[in-house]
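Modelling step: build the complete structure from the supplied sequences, incorporating the hints.
Chains as they are written, first to last, in my numbering: chain H, 13 to 320; chain R, 13 to 320.
I should point out that these hints are in silico values taken from the structure, not numbers from a laboratory.
Check before you lean on any hint, since a few could be wrong.
A pair holds if it fits inside one copy or across any two, identical chains being indistinguishable in the list.
Here are the simulated lysine to aspartate or glutamate pairs, EDC-like style, with alpha carbons at most 20 Å apart [what the hints assert, rightly or not]:
(1) K302 with E101
(2) K25 with E108
(3) K146 with E29
(4) K25 with E116
(5) K300 with D232
Number of protein chains: 2
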Amino acid sequence: MQELIARFRKILKTRGEWKNTDNDSATFRLGNTDLVFTTDSFVISPIFFPGGNIGDLAVIGTINDLAVMGAEPIGISLSLIIEEGFETERLEKIMEAVERVSAETGVPVATGDTKVMEKGKIDGIVINTSGIGKADRILEEKIVPGDKVIVSGSIADHGVALLSKRFDFETGLISDSKPVLEEMRNVRDSIRQAKDPTRGGLAACLNEFAARGNVGMEIDEEKVPVKKEVAKFTEILGLDPYEIGCEGRVVAVVPAEKADSVLKELKGFNPEAEIIGEVVEGKEVVLKTKIGKRVLHNPKGKLIPRIC
Amino acid sequence: MQELIARFRKILKTRGEWKNTDNDSATFRLGNTDLVFTTDSFVISPIFFPGGNIGDLAVIGTINDLAVMGAEPIGISLSLIIEEGFETERLEKIMEAVERVSAETGVPVATGDTKVMEKGKIDGIVINTSGIGKADRILEEKIVPGDKVIVSGSIADHGVALLSKRFDFETGLISDSKPVLEEMRNVRDSIRQAKDPTRGGLAACLNEFAARGNVGMEIDEEKVPVKKEVAKFTEILGLDPYEIGCEGRVVAVVPAEKADSVLKELKGFNPEAEIIGEVVEGKEVVLKTKIGKRVLHNPKGKLIPRIC
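If you want it as C-alpha cells, here you go:
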C-alpha cells in the first residue's frame with residue numbers, strides 16, 4: 013500500500029502553492045490565513061460498532077485531521093456511496109450520527125453527494141468526508157531531540173471495539189471515536205506537531221513523526237496507556253495494539269519545558285493521557301520494555317483491513 | 013433518490029454560515045473572498061470509456077462544479093477506493109489521466125486517501141474528488157423572464173459514449189468530458205447562473221434552474237444540439253437524450269442583451285454552442301417541438317445508473 017501511494021505521488025506532480033501535501037491535511041496560504049484541506053474515505057466493517065457508526069466516524073475523522081494541523085474546521089463534505097437495497101432506517105441512523113457530531117462541534121456539512129451502486133457492487137455503504145479548516149498557526153514546527161511525546165488517552169480502543177464486533181467477541185469495550193477539537197484548542201499553542209493515530213496506530217504515527225523530522229524516538233512501554241480489555245483481546249488474537257488505530261486520540265510532540273502543562277490540560281479531558289517518551293537523535297522509534305528495547309517499526313502490509 | 017436526499021437534508025440541519033448548500037457547490041465568505049466547496053463520487057461502469065477514464069472524469073467533474081459557480085479552483089482532493097487485485101497498470105493509467113487534467117488546468121491534487129476493499133466488496137474502483145475554489149462573484153444572480161438559455165455544445169455525448177461501451181455497441185462517439193474552466197472564465201462576468209448538465213442531463217439541469225428561480229422555461233427543440241450518433245443510439249434504446257449527462261458542457265442563463273456576445277464567446281470554444289430557449293413566467297420547462305409542446309420533466313427514478 014505505501015509503495016502504491018508512493019507511486020501515485022510520483023505521477024501526481026502538480027502541487028501549485030500547496031504545502032504539507034504528504035501530511036494528514038494539505039495547507040494553502042489565502043490572504044492572511046492558512047486554509048487546511050483533507051479527505052478520507054471510510055470503508056469500515058461492521059458499519060455499526062460499539063460506540064458509533066460509519067456516520068459519526070467519518071465526520072469525526074475529518075474534523076480530527078484538520079484539528080491536529082492546528083486548524084479550526086469551517087465545513088465538511090459528505091459523499092455517500094450506497095448499495096441498492098440498503099435499509100432506509102439504517103441510513104437515517106447514520107445521518108443522525110453525522111448530524112449529532114456536526115451540531116456538537118458546530119462544523120456543518122456544507123455540501124454532499126449520493127450515489128447508488130447495484131446490489132453486490134459495493135459492501136453496504138462507503139462514506140467519503142473532506143474538510144476545510146483555517147489556521148492562524150499550522151502545526152509544522154520542526155521537532156527536535158529532547159521534545160516530549162504525549163498521547164491523549166489509551167490506544168487501540170477503536171480498532172479493538174470494531175474487531176470484537178466483527179468477530180462477535182464480547183469485550184465490553186467501546187470505540188474511543190470522538191472529536192479532539194477541544195483538546196487541540198487548549199494545547200495547540202504549546203505544541204510543535206500533532207497527529208491522530210488512526211490507520212497503523214501509534215506505531216505508524218510515531219514513525220511518521222520520526223521520518224519527517226529526521227529524528228528518532230524513545231518510547232517507554234510502561235507509560236503507554238493500554239486498556240486491560242485491549243491487551244487481553246490483542247494477546248489472544250496475536251495482534252499488536254501499537255498497530256491498531258484510534259479515532260479519538262492525539263499524539264503531540266511538545267517542547268520539554270511545556271510538556272507538564274500540556275499533559276495537565278490533556279488529563280483534564282482524559283486522565284489516561286501520558287508523556288510516553290521523547291525525541292532523540294537517530295532514525296528509529298525504539299520501545300523500551302521491561303526486559304530491554306525493541307524497534308517499533310512502521311506496520312507494513314499487515315494492517316487489519318477496514319477499521320477506518 | 014431525490015426523496016432520499018430530501019430526507020437527508022432534513023436531518024442535516026447544521027449549516028453554519030454556508031450558503032448555496034443545495035447547489036453544486038456550497039459557498040462560504042472568508043475575509044474578502046468567497047470560498048466554494050464541492051464533492052462528487054464517481055462510480056462509473058465501464059471504468060475506461062471512449063474519450064477518458066474514471067480518473068480524468070473525476071477531476072474534470074469537480075473542476076466543473078466549481079467553475080459553474082464562478083470560481084477559480086484552488087485545489088482538489090482525490091480519494092481512491094480500490095478493489096483488492098485491481099491491476100496496478102490500470103491504476104497508473106487512471107492516475108496519469110488525473111495528472112494530465114491537473115497539469116493542463118493548473119489545479120493541483122492537494123490531498124488524497126487510498127483505501128482497499130476485499131475482492132468482491134467493491135466493483136473495481138470508485139473515486140471521490142472534492143474541490144475548493146475562490147470567487148470574486150458567485151453566480152447566484154436571480155434569473156428572470158426574458159433571460160436566454162445557452163448550452164455550450166451538444167448534449168448527452170458523455171452518457172452515450174459510456175453506454176455504448178457498456179453495451180459493446182460501436183457508435184464512434186467519444187465523451188464530451190473536459191474542463192469548462194476556460195469557457196467560464198470568458199463568460200462568467202456576463203451571466204447570471206450556470207450549471208453543468210451531468211446527472212439527469214439537460215432535463216434535470218433546466219428543471220433545477222426553474223425550481224430555484226421560481227420561473228418557467230421555454231426551450232426550442234430544434235435549437236438543442238444533439239449529435240446524429242446520439243440521436244440514433246438513444247432512439248434505438250428508447251432513451252431520452254435530454255436525460256443523459258454531459259461532462260464537458262455548460263448551461264448558462266444570461267440577460268437577453270448579453271446573449272449574443274456570450275454565445276459568440278462559447279462558439280469560439282465549440283461551434284455547436286446555441287441559444288436554446290428563454291426564461292418565462294410559470295413553473296414548467298416546456299419543450300417546443302415541430303409538432304407542438306411537451307413538458308420536460310425532471311427525470312425521476314429512471315436515471316441510467318453509473319455514467320458519472
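Hint-by-hint comparison with the structure:
When the C-alpha separation of K302 and E101 is checked against a cutoff of 20 Å, the pair qualifies neither within a copy, at 50 Å, nor between copies, at 47 Å. Taking the closest pair of Cα atoms, K25 and E108 come within 20 Å of each other only across two copies (10 Å); inside a single copy the shortest separation is 39 Å, beyond that limit. In this homomeric assembly, K146 and E29 come within 20 Å of each other (Cα to Cα) both inside a single copy, at 16 Å, and across copies, at 14 Å. Within a single copy, K25 and E116 get their C-alpha atoms only as close as 38 Å, which misses the 20 Å cut-off; across copies the closest is 12 Å, which meets it.
Within a single copy, K300 and D232 get their C-alpha atoms as close as 5 Å, which meets the 20 Å cut-off; across copies the closest is 77 Å, which misses it.
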